[in-house]
Structure formats: C-alpha cells, structure tokens
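Kindly produce the complete structure, drawing on both the sequences and the hints.
Going down the list, the protein sequences come from chains A and B. Everything in the first sequence is counted per this note's numbering, starting at 1 for the first residue and increasing by one. Everything in the second sequence is counted per this note's numbering, starting at 1001 for the first residue and increasing by one.
If you're looking for bench data, these hints aren't it; they were derived computationally from the structure. Any given hint could turn out to be false.
Here are the computed distance ranges between Cβ atoms for each label pair [what the hints assert, rightly or not]:
(1) P1440/B <-> A474/A: 46 to 54 Å
(2) N431/A <-> N1073/B: 20 to 28 Å
(3) V403/A <-> I1046/B: 33 to 41 Å
(4) G490/A <-> A1208/B: 33 to 41 Å
(5) K1120/B <-> F437/A: 19 to 27 Å
(6) F437/A <-> H1315/B: 30 to 38 Å
(7) V1222/B <-> T149/A: 52 to 60 Å
(8) P1440/B <-> F437/A: 53 to 61 Å
(9) F1245/B <-> G371/A: 39 to 47 Å
(10) N431/A <-> Y1368/B: 14 to 22 Å
For every residue, glycine included, the Cβ atom is placed at its ideal position computed from N, Cα and C.
Each chain, letter by letter, is given below.
2 protein chains.
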Amino acid sequence: MSNLPKVKIREKFHYKRIGQGIITDIRNRLPYLRSDYSDAINYRVIPSTVYIFFTNLLPAIAFAQDMFDHTDNSYGLNEVLMSSAMGGIVFGLFSGQPLCIVGVTGPIAIFNFTVYDLIKDRDVDYFSFMCWVCLWSTLMHFILAIFNTVNYIRYITMYSCDVFGFFINCIYIQKGIQILTRQFADGDYAKGFASVMVALLMCIFGLASVFFGTDSHYIKPVVRKIFSDYGLPLSVVFFSGFIHFGGYLNNIDFETLPISQSFRPTFEGRRSDWFIRFWEGCTVGDVFLALPFALLLTFLFYFDHNVSSLMCQAHQFPVTKPSSFHWDYFLLGITTGVSGILGIPAPNGLIPQAPLHSSSLCIKTHDYESGVDIVTGMVEQRVTNIAQGLLTLGMMARPLLIVLGNVPQSVLAGLFWIMGLSGLNGNEVTNKLRFLFTDPETIRLNPTEYQAKLSKIERKWLILFVIFELIAFACEFGITCTRGAIGFPGVLMFFAIFATFFDRIFPPDQLEMLDTHAASAFILQNLHRETKI
Amino acid sequence: MSNLPKVKIREKFHYKRIGQGIITDIRNRLPYLRSDYSDAINYRVIPSTVYIFFTNLLPAIAFAQDMFDHTDNSYGLNEVLMSSAMGGIVFGLFSGQPLCIVGVTGPIAIFNFTVYDLIKDRDVDYFSFMCWVCLWSTLMHFILAIFNTVNYIRYITMYSCDVFGFFINCIYIQKGIQILTRQFADGDYAKGFASVMVALLMCIFGLASVFFGTDSHYIKPVVRKIFSDYGLPLSVVFFSGFIHFGGYLNNIDFETLPISQSFRPTFEGRRSDWFIRFWEGCTVGDVFLALPFALLLTFLFYFDHNVSSLMCQAHQFPVTKPSSFHWDYFLLGITTGVSGILGIPAPNGLIPQAPLHSSSLCIKTHDYESGVDIVTGMVEQRVTNIAQGLLTLGMMARPLLIVLGNVPQSVLAGLFWIMGLSGLNGNEVTNKLRFLFTDPETIRLNPTEYQAKLSKIERKWLILFVIFELIAFACEFGITCTRGAIGFPGVLMFFAIFATFFDRIFPPDQLEMLDTHAASAFILQNLHRETKI
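What follows is the structure, encoded as structure tokens:
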C-alpha cells in the first residue's frame, strides 16, 4: 500500500555488535513512519478498528474478572482497561510492527493469579512483589533485546505457533464455559440456564454471520463483507440488548460486567495515584524471590509476543513493510516495567487478536472462478492500533464505563465461543486432523488444493506429526489447569526447542512439507543467523 | 427391487365406470404383494423402521399434548398412540402404497380442538359429535373414491406440494417454540431456560449429525451413513439421558411427556371399552351440524393424504411399483370411521414423514466425482410401515409407556426443530428464495446444476412465482393461528385450484420450468383424465 520507493532493507550489519538488532529494526522501519499514517486513509481501517476494539476489549474484561476473583480483588476492570489502552497506544505509536495487537492475554492472567496464590501466605505486599517481578523482567527484556537474542525466534517453527494457536482457542472455549458456570454460583438456576441460552444463541448467530460473510454466495460480495466485518461487534450489541426484550427474560437478573470508579484502581487498599511504592512492603528476600518469577514472565513474553508478531505477518498476509522484533521486544520491556509500577497486568502480543487484526486489514476481491475471496492487498498502518487503544482508554471514563457495565456476562461467553470456534476452524492442527479423518477416496479422486498438498506427505509421518502436536497441546492445556500453571512458559519453551530436533526424527523431504520456519524469508532478513553475544 | 417380471399396468379401463379406480388400483398392486415382503429382506429396513418410528411417534405425542390441553383432556397420549398404530398396521398391511406413512398430523390436531372450541357451549357430547363427523366423512370418502374423483389430484401441481411442505416445516418450528414457551407456564424460569438450552443443544447436535452423515466427506461413506440413519433417534435417546447427567441439571425438574393408564382412554368420563355410543348425547340437529365439519375433514384428507402419497413417490425416488390413490383413499375412509367409533383422532398421510420414509429406504452410493450421494435403488416394501405401527402399539403397554414418560418435552422441541429445519433446507420454496438471493455473478460464472436450471427462467416470472408461493404460505400459516383454523382445508383447496390457472398468468415456456404436475408420468397411469362421474 505504501507509495514510498521500496527501501532496501539494511541487512549488512554484523549482529555480533551489541544493540545492533534494535538499531537495524529502527533504521529499517523509520522510513515507513510517514506512510504508516498516510496509508491509513482507507475504508478498511474503520471495520478493522471496530472489530479489534471489541475482540481485544471484551476478552480482556473476562480475564479481568478472572484475576479479580482469584486475587481477592487486587486486579479489576480498570487495571485491565489501562493495560490494554497503554498497549494499544504505545505499540501503535512506537512499535516497529504496529500490526501486532498488544493487550492482556489469558496466560498473563493465569500467571498473575498463580503468583498471588503462591505468595499470599507470605508477609509481602502483592503489588510491590509484582512490581519487582516486572522490573526484573524489564531488565531481562533489555538484555535479551540488546544482545540480539531475539534472533533465536528464527528457529521457531509453525509447529509451535499452530499448537499455541490451537491451545489459545481451546482456552477461549473453556473460558466461555467457565463464565457460564459462574452464573450458577449463587444458586439462581434460572439466571444460569438463561445465560447458557443467550450464549448459545449468540454463538449460533455470530458464527452464522461470519459464515454468511465469508463462505456463502449470497448477495453481492461487497454487502456480504459487512457481515464478516461487523457481525461480531453487532452480535455483542444485539445480545446485550436482547436480554431486555421482555417476556420471560424480564424475570432474570443477568449478571453484567463488574465496574468500579472511573480512572481509580480497583483494590480499595491502593492509593488513588496508581503508583506502587515498590520499595515498601517487601524484604530483600522477597525482591530476590521475584527473580525466578521474572524469568518465567520473560520466557512467556519472549515466546508469546514474538509468536504473535510472527503470526500477524505470516505467509497468508501480503505484508510489505519490514518487521521489527528486537526493538519491539525492547519496547515490551518498557511497558512491562511501567505496568509493574502502575500496578496493572503487563500487556503483550495477543493471539488470536494480532493475526485477526491483520486479517481484518486485508483487501479481498471475490474470485468467481474458484468461488473464494482472494487477498489482493493489505492496509499496513498504525492508526487502527492507536485508535483501538484510545477507544479503550475512553472506556475508562464514566458514561462509557457504565455502557460496559451493561454487557451481560453471557454475551462474553458467547463471544469467547465465537472467537474460539472460528479460530479452531482455521487452525492448522484442526485442518490436519480433518484431513486424517477425511474419506481417503474423496482425497484420491476429488481433492481440494490443501488436501492435494497434504497427500504428498507419507501418512505415517503425518500421523506422527499430528500426535506430536496433540501431545504439546495436551501438556500446555494440562499445566494451565493445575497449580503448576506458573510453569506454562517452560512448557512453551520446551516444545519450541523440541521442534528443532524434528530433523532427527522426520526424513528431510517429509519434514519440509510438515513444518516450516514461522518467519518467512522476508521477515528473516531482520533475524540473522550469525548471532553471537 | 422386485424380482417379479414387470407387470404391465392395466390402464385400458374406462374410468367412467363406478368403482373402476379402486378395482384398477387393486389389480395393479396385487401382483406385487408377495415381493412387498420378500423385498424387505434388506438392511435398509432396520434404520428406516427405527427412523420412522421416532419421527412418527414423537411429533404425534406433541400433537397429543396440544389436543389434551385444548380439549379439556378429551384426547391424550393413548388415543394418539392407538391412532398411529392403527394407521401403520392398516396401511402397512392393506394399502396400495405402503410407502405412505399414516398417523396423527398437525392439521388434524388443530381441526379436532377447533371443533371442540366451537361446540363446547352446545349441549352435545364431544366424542359422539366427532364420531358423527367421522362417519359422515367416511361416507364422503367412499363416494369420492368410488366415483373416481381422486383422479383430480392429477391436477395438483408441485406449487401446492412445495408450499404445503414449507408450511408444515414452519409449523414444526413454531411447535418447538410453543412447547418451550409452555415450560415457563408455572413460573419456574429455571426449568424454562434449561429446557430451551436442551432444545438448542439437541438441535445443534442433531443437525450436525445429519450434516456429517450426508454432506461431509469424513470417514467412509458406509460409516457416515450410520450418522444420518441413527443420528435423530440417538439424539432423542442421548438428550433424554442428558438431563440426568448431574451438575446444575439435577436441580431442574424437567417436564416429561404425560402418560396415563395403559390401553385405557385418557378422558375419565369415557368407558374403558373405547367404543363411542354415538347414538347417545346427540340430537338430530347435532348429527346434521356434523355434516359441514365432515366436509372440511374430507377436504383436508383428500388434499393432505393424497399429497403425502404423491410426495413419498415423487420424482427423486426411483419407485418401480404402481401407485394406488383410489383404493388408499377408500381405505382412509374406513380408518376415519373406525377412529370416530373408537374416539381417537383420525390418522392420515403424514408430511414430512411419508417422504422421509421413502428417503430412508433409498439405497445410495457415494459418487466421488461429484462428491454427492447418488440414489441407485429403493427398498419398496410393507414391512417398515407395519413394524413401526406394531412398535407404536407396543408403546401402549406399561413398561414402554413409562419409558416414553421419561422423554423430556424439551427433547421434543429439539426434535421438532431438527425436522423442521432439515425439511426447510431441502424445500423448493427455500431453494428458490436462496437462488434469488444468491450473488448473480456467482450464478453467471460458476453455477451449480440447480442454479443453471433456474437461470433459464426469466427473473420476473420466477419472482412472481415465489411471491405466489409466499402468499399461499402466509394464508395457510395465518389461518391456523386464528380461530378460523377450521377453514384451513378450504385454503389448501383454494390454492390448489388457483395453481391450475397459472397457465393464464405465466407464458407456457416459463411455466413449464416453474411448475409441474406433482404426479409423474408413471403415477399418472392410475389417474385418468377422462373421468366422468
């Protein structure tokens, strides 16, 4: 989309030099800064902003509630709104890859309340402790970024990304169920089952709207697109209103999102100025106890943020502007530290929101020959990310906060299911499973393009690969359901490293078709192999 | 499927002669009687019996409940079971077209309680009055059959059949909603919303199972078939068990089907011997008041039964045995009279069950080239119809009646939705509407076979035709929702006759593509044009 003369990516630097990755990133991206705004004069920016605002904000709120419940009200809605807003605005304005949406993720929510669980019996202030975790982590981010270690993500393969995507989508579905289960907690079964009904209806209509907009052949493609662009936000709005439609619904007191005072921290024991006095309420021992937690947090963000960034500029998106992993990871270190000091959950790259954001920015035309939409271009710019951050910040102000307080929790559950199911629908793990269960005769005689591709792989290797995917998923999902959830980043790392040994298990010709590096050749230009610290 | 040498259908009779239609029907069909049993030695008979047993029995029960509520308990479950059983056994054994499933339909349920509503303020015994209605109607059936007037159904076009199918499927969906609404009646909202949840879940899984079995390409076709064969019955069984799965469901007291004493009439004021003393409790005036009602009932059965019979041997089914409209209508007269004397609702041809029955008897093989199932044969026999009748009779016995009393009403609602939605999915009115809303470019550049066929019709005529279809549907649906429901058969007749004037509205070449006679050339052999009374 850029009208700039194509700037040749500088790739001749020696990555042995300290900070060279960051400098290269900035030098490469800086020439596009102007076009990052001028390219935003495009209609697609509007649906994309609306879409990403809803898909970022609402799940974040659900995670807020999770943390609220599991940390004795330490974190609440305001903290999560502030964190999301900061992520959007800071990464929108300053990141090298503004396609990557940054906000409060499921794993960080789990991390935060697992830490709470582990230290609550110690005589230490939770916010101070978390602040130390974040500050240590900031230091680690800086070190990792400056010493060019982000280059190692070039070894991350699609195996890890696909399994992580699969895992996150399953977490979304599980989350929807958990929200609904909570509606029964006070023994009001009418409310409970009514909530399940609303969530099911919303899920049906939301998915139908997505299907109508993408896979059906009704009306004109340009009108259809409205359904895929605004179907999800409109479902949220419609079903928030639906509970007021009357009839038997009037007798139900639906639970809505819990809100508190505008712009004030949720936890009553906190001062209203947001600043955590991290030097108070902590012993020196506690400060050093925070170190291993910081290490895990750094692991998590290293993987989660960079994978998000990789996925939002993956093969299927016609990205033309350069990537920026080193600088963005450095910037993430800053926001992590600031989050610690403000006593809010630290934001990082969001899956599936980051790739969904890219997807919503694609310009598609309908190809009547094949009957599918074909991507012809992409609106690469900063405005959508900044705008959704500002909108989120605006939600903290009173009138809008009350609007938010009117969204029923069941709508949130429906939203989780829609996102989780449509995510699973496009996931590679699901697709491979589908392929394995498809009638072999259909594949032999009348294969789709995708089936023809997979058919070239020997079946036994394909099955083994899918088993490896499912094992990784089972471990990731399993650990988050236990008290060992804090070790989740370790599991991610383990399987990312495990995948680098695939060349000793699979024959090279098979592996080539099964697994590829997540970073495309274009992105790899910024991630050099000759890294030495 | 018959191994008999193809018997030449006798068509040389002069239809001017009284009773000739009935005689021809019997002479034509009799040679196939033996093969009607020998052909039944086929696996398809098993899934077909199970399928049609459930799809006949359960909706009938729902209509039973409707009548129960609207006739102050005059008709109940036992009456409906007996009527369905009689229909299955009598038409299975003696009809000329045993493919046509006979049982208690929605329209007759509406007819019965509308009559109740109209005469309840008169000093007349309802059962005696209904018996007179049935007896008069029997006489009319006999006259119509003997004077060969059933020949006139050769003028019924697909227009009437399609609209009636569309109407019935919409009634099914409405029925599901009504059942659920009733779950709230006692102010137990938890039960109400839990029932909606169960119905929604059942609908989702039932439709998914049908889709998996028919349109998907997973596993082998032979295994897939199990899902389309047994998906619906298993859904009923599974979701009847689902409400006992525990958790919050344990706190809900789901309403189940109301049962009463085995083999005894439901209404307490009735004698236990089932026989209605129709000469008691009626004045001569009442007997003649029954006449116009009998006329409406005869109208209804003339249309409904013959359309059912037409639809279960329609173009898409490779029927090879001769049809039998005159004799079957005569037989229907007998069952109608017997129903009156037994004080049970009169059974007649069932839509959508009759065509669903034919469909379940089709032998299909999967064509990998086109990716769809192709019908290669059909198991035409009497055993499925008799067996489902006997099974229904068996349900009246105590242990099984209690099993039936454990089916939750919400499962019934789910069943109605599954049947209604899958019926609508294949209906011609729906298909034409879909065509009109499909992107014209898709149709121009990449049409399906069906789209190519419809494209040949001028758009304005197609739109006009669909408008006529929708008007007829609106009138049929509208009248059943008012106290004028009794006039429903008149509306059916009106539009059937209206369709014969289409040749004055549409150009002949267009009409040929829009509307055809419901009876195929093969069936028409038994329905002669030269009828004179």
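For each hint, the structure was consulted:
Look at P1440/B against A474/A: about 49 Å separates their beta carbons, and that is inside 46 to 54 Å. Checking the proposed 20 to 28 Å range against N431/A and N1073/B shows it is violated: the Cβ atoms sit about 56 Å from each other. Separated by about 58 Å at the C-beta atoms, V403/A and I1046/B break the suggested range of 33 to 41 Å. In this structure the supplied range 33 to 41 Å holds for G490/A paired with A1208/B, their Cβ-Cβ distance being about 38 Å.
Taking 19 to 27 Å as the suggested C-beta distance range, the pair K1120/B and F437/A does not conform, at roughly 59 Å. Taken as a hint, the range 30 to 38 Å holds for the pair F437/A and H1315/B, whose Cβ atoms sit roughly 34 Å apart. Distance hint check: the CB atoms of V1222/B and T149/A are about 55 Å apart, consistent with the given range 52 to 60 Å. For the pair P1440/B and F437/A, the supplied restraint of 53 to 61 Å is violated, since their beta-carbon distance comes to about 36 Å.
Between F1245/B and G371/A, the C-beta spacing of about 42 Å keeps the proposed range 39 to 47 Å intact. Between N431/A and Y1368/B the Cβ separation comes to about 21 Å, which falls inside the hinted range of 14 to 22 Å.
In the structure shown, a violation is registered for the earlier hints numbered 2, 3, 5, 8, in ascending order.
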